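Visitor: Protein sequences, first through last, are from chains A and B. Residue numbers for the first sequence follow this note's numbering, so the first one is 352 and each next one is one higher. Residue numbers for the second sequence follow this note's numbering, so the first one is 352 and each next one is one higher.
Simulated from the structure, these hints should not be mistaken for lab results. Keep in mind the model is a prediction, meaning the values are calculated, not measured. Misleading hints may appear alongside valid ones.
[As the list claims (entries may be wrong)] Per the computed footprint, the stretches of chain A lying under chain B, defined by three or more beta-carbons under 8 Å from a beta-carbon of chain B, are:
1. 372-383
2. 469-476
3. 498-505
4. 788-797
5. 861-873
6. 927-935
[As the list claims (entries may be wrong)] Looking from chain B toward chain A, a few residues come up when the C-beta cut is under 7 Å (computed):
7. 388
8. 914
9. 915
We put the beta carbon where it would ideally sit given N, CA and C, even for glycine.
Chain residues, written in single-letter form:
There are 2 protein chains.
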Amino acid sequence: MHIYPDIPSTAPYPKRTHTCGELTPAHAGTHVTLTGWLLPERKVSKFMSFFPIKDSSGITQLVIRKGDADDHLAALSDVPVESTVAIEGQVHVRPEKSRRDEGTGQIEVQVDKFTLLNPAQCMPFIPSDNQTLVNEDLRARFRYLDLRRTALSDNIRKRSRVARIIRDTLHHDGFLEVETPLLLKSTPEGAREFLVPTRVGRSTAQQDGKDIPLFYALPQSPQQPKQLLICSGAVDKYFQIAKCFRDEDGRKDRQPEFTQIDLEMAFVSWGADKSYSRSDTWRVGGHEVRAVIERLVGRIWQQVEGITLPSSFRVITYNEAMTRYGSDKPDTRFALEIQDITPSLPSRARSSLENLGEIIEAIILRPSENNQFLRANDECNSQEESDTQSVITDSNMLNWLCDNRSINLKLSHDEHVLLNKTLGVSSGDTLWLSRRRKVPEGGSTALGRLRIRISELAHARGDYVPPTAPHFLWVTEFPLFTRADPDKEFLAHGRWSSTHHPFTAPMWQDIEAMYAGRTDQVRGQHYDLVLNGVEIGGGSVRVHDACMQEYIFSQVLQLSDSEKASFNHLLHALKCGAPPHGGIALGFDRLMAILCKTPTIRDVIAFPKTGAGTDILFKSPAAVNKDALYQYGIQPTHG
Amino acid sequence: MHIYPDIPSTAPYPKRTHTCGELTPAHAGTHVTLTGWLLPERKVSKFMSFFPIKDSSGITQLVIRKGDADDHLAALSDVPVESTVAIEGQVHVRPEKSRRDEGTGQIEVQVDKFTLLNPAQCMPFIPSDNQTLVNEDLRARFRYLDLRRTALSDNIRKRSRVARIIRDTLHHDGFLEVETPLLLKSTPEGAREFLVPTRVGRSTAQQDGKDIPLFYALPQSPQQPKQLLICSGAVDKYFQIAKCFRDEDGRKDRQPEFTQIDLEMAFVSWGADKSYSRSDTWRVGGHEVRAVIERLVGRIWQQVEGITLPSSFRVITYNEAMTRYGSDKPDTRFALEIQDITPSLPSRARSSLENLGEIIEAIILRPSENNQFLRANDECNSQEESDTQSVITDSNMLNWLCDNRSINLKLSHDEHVLLNKTLGVSSGDTLWLSRRRKVPEGGSTALGRLRIRISELAHARGDYVPPTAPHFLWVTEFPLFTRADPDKEFLAHGRWSSTHHPFTAPMWQDIEAMYAGRTDQVRGQHYDLVLNGVEIGGGSVRVHDACMQEYIFSQVLQLSDSEKASFNHLLHALKCGAPPHGGIALGFDRLMAILCKTPTIRDVIAFPKTGAGTDILFKSPAAVNKDALYQYGIQPTHG
């Protein structure tokens, strides 16, 4: 049999008997056939070489004993690295000194025969070369080679495993997986949605006697279909690992298509009563959703990481999160807590702040207590944040507050002495100060952002090492409506927006306030799940009372009739005996990135897009020729 | 507590202790809380009523004993049917004579207290009314109510269960589930694809100094991503329950979005050799794919239907399927086989047919043998098919062939006598005759279509009852290229098309013929899975030799450079040590329709679209205003 080291085999070839990851000393003496990718040769002598052969399950060491130069096996040296081969040979236990405990390290296979299945002739880089990781663009363009790296293929494998744990757990809990449509209706306010023109059915829609183009839209989440499904009563507990879509400028590490673990349950609680034992901290409804997620996340960490999580996660209110940590997704793994120092101020200052509805808050770093963060703190000193910083020295002990540019308050000598005493301030401390509205708004405060910045700097310097155990946290009792979300303002045009979405139920204690028009006082039955300071999911109890939903649309959000129209079917479904219901969605990509300990979700997606939404492997998005567009009834604006 | 029979509860309500499907005599005496939908009252006396309460798990009978008219419980009679309620009460074993074995038929719950959760005030129809099924349009518009019907919700539940079996089986077999992109690249020939315009990144693409619109496309299948994934070596066995999209005129029971069970495997066989024991009938490669699917389908039927399927399914070649059944997806549950009568013709007629490359074939119905089909046969007689029919009577015994309009052959008296004898024709028989090209083309022949028509008529009449056991069948050895597919011709413009897709490998026995330009003689390593005459899936061994793939693109299919461009990354991946690989995709919707014994896939999809691609619940597709389109750089053709 002659060898053509550059011609793929296109004939029947020997069937593999084992994978490259499974042979052990128990197989010694067995004749095996392995298939896989050939890694670089290591020549032991003129007559003997080692070749590792790799497949997705592992690596096996091949031993080649060459006879004369015409020997069939000698040709293996001419086969390019990363080619696929089938080899036949016998399993041997390795000589004692070269045995390894990992993988197939106890054995080697002495090769009798090989078949070149497909030569690697065009490698832009060698993925098995762990020494040099080529640049990101090249790896993105040849993603199918980058995926050959174990670091990435391990992530893909782990993702499949976690998806399986999720499904097993939810099925076990009585959930049904139901697919909801991806070709949905565009919404008037669909600011970030993808449209999908269709050629079909166009002739039925006419304007001035002419066909008009028709569009579906891809969902940003299965929110409406899943609520309708639960309203139907067909399914008591729904879940789906669902694809969602968002056409937006590449924010940090987002993808235009992403995956959610989406679930919804009928007959969830509507706030706490005596039948819910943990009602002390969790005062919104949806206890059942909480319990499912805690069980689910617990099983994932148990099975994937071997870590036992607490059986229930800490709950804090939005208000507490904003007050103590300055963030609605606080990283509670470290302290550096914010304190409201208003109560320690003299009464004159207190009442002037109170009249303005403001407070003054501080992060106090004491050298004695905050060792890990001191150098990061100094670094912040020289940054933009420094305008809110007061480093206490002997000389400014009695005017650090007045000197702070962000505060604008005057204190007398005595008042300052008293304040220092109350706060326990001494020379060498650093105080970061901020004056803000007492009622927190939005996702973070100035000190909350600073707190994260100090921790990141300390982490980068190696001074602070976050604990390995994950910190899960529920945040509840968000304001139901907001005017402080710039992302929503361009649709709201000065009206109130829903902090999350318009279907979130108010806390029942606040229903009266809502109907009385005290919109800013209404808290929602919403819950966010936060892990290590990253929001990994959120959900809520939904409005099931059609009149209440209509009131929210019309009176609170002041939607126009056309804005309301796309919710008509939901309103009607509520009027047909919809059960109280609620749910949640977790970001699967983000969850996987955390489990794979990688900073970017691109590392846990088989074929991701760049931050700009471009796919450099498949070369999309791309221009489409005019004739093709014409079939959809559309043309470029600049023709 | 006062009752407002039309106001939903928006306060904490009692937590359910059990579902409506789980109570048994073992619960007798227990105080329970149930939540669900109230079904119509059945009054036993002035003081006692029965109400069934239903949730997705079942129905429980409630007993209401009313005191005086002011009694709280009396108000239950005013609650509209299909409202959601929470009831509290005690479980009793029913009096012996009213006990039923099904569901919760042994018990009833005597109600102490109820909470109206949400009244049903706007019901366009009552889904629990099994007597009258309202018209399809109304049910589609209010799908969320139609889903409340047990017939539909059972299908949704079964679909979730089957998806779970699929995943369990494939995970157990070592498959990984990997999500592939839905926002992909449009292809030049993308005749049926959906385009997705995007606002992001437009400014980077310019033509004549103007931004040009950019588009993704939704995949008709994950074919290219899954092949690239396998080429990467990251995954040895891939699967995905994948959403796919097709923008086409509503053919019979198709959906613009549909679901496939998609899989692909590395290192599949490339045709039979001695290591494959069943090589006698399955002569293409991909034995491993076959084995996985037979195991998978076997487990589904075992677990869902309690039916044990054969451990391997019958295999027939395309040629045999076309010859004996006139179809590439033959229904082999009944005989009515087609026979080639050319060999029985006199030699003169035979050679004239042979010169033309034609044959004459027949279906012969004998009253003695085809009892089930005789009345259907008579019915066909009066239809358009009658022009190929010869009913044998005493008077036409010797000219039935010559008289048949579809044949155009003359036989002498003696020749006819001999033919009758050879075929065993006697008076009263019916012969359906057809003259066709000897080499079969496309998906069916005239007699193949007639065969199905007769069976359908016989089935409709109740003369023929198909067996309950499912008949699975593999069809292999299809021609790799075709000119007989009208669906493809509008892209091919007279060139050869791939019968399935251009990545299908030729049978290795036919590679030489392919390179020699004998395109019509090349059979592909393709396999279709057919169930009861319905194609439920298909797959193939893929080309892994880049030169062969390039030859197919350029020399056989004669693709232009721009047509080839979208395959460049695949060609390159093949050059980087791609393993031999193959896979398959099964239509999940069709599979579920068969398992749910419903003729339409709409019954197994939670929120389906009409045959015309319209969603009358969500009201899509819909027009989009010009300003919104402008952001994507597109405008209507008729502006």
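Visitor: Hints first: check each against the structure and report whether it holds.
Guide: For each hint, the structure was consulted:
no. : hint    : in the structure
1   : 372-383 : violated (count 0)
2   : 469-476 : holds (count 6)
3   : 498-505 : holds (count 4)
4   : 788-797 : violated (count 0)
5   : 861-873 : violated (count 1)
6   : 927-935 : holds (count 5)
7   : 388     : 6 Å, holds
8   : 914     : 13 Å, violated
9   : 915     : 13 Å, violated
Violated hints, in rising order: 1, 4, 5, 8 and 9; the structure is consistent with all others.
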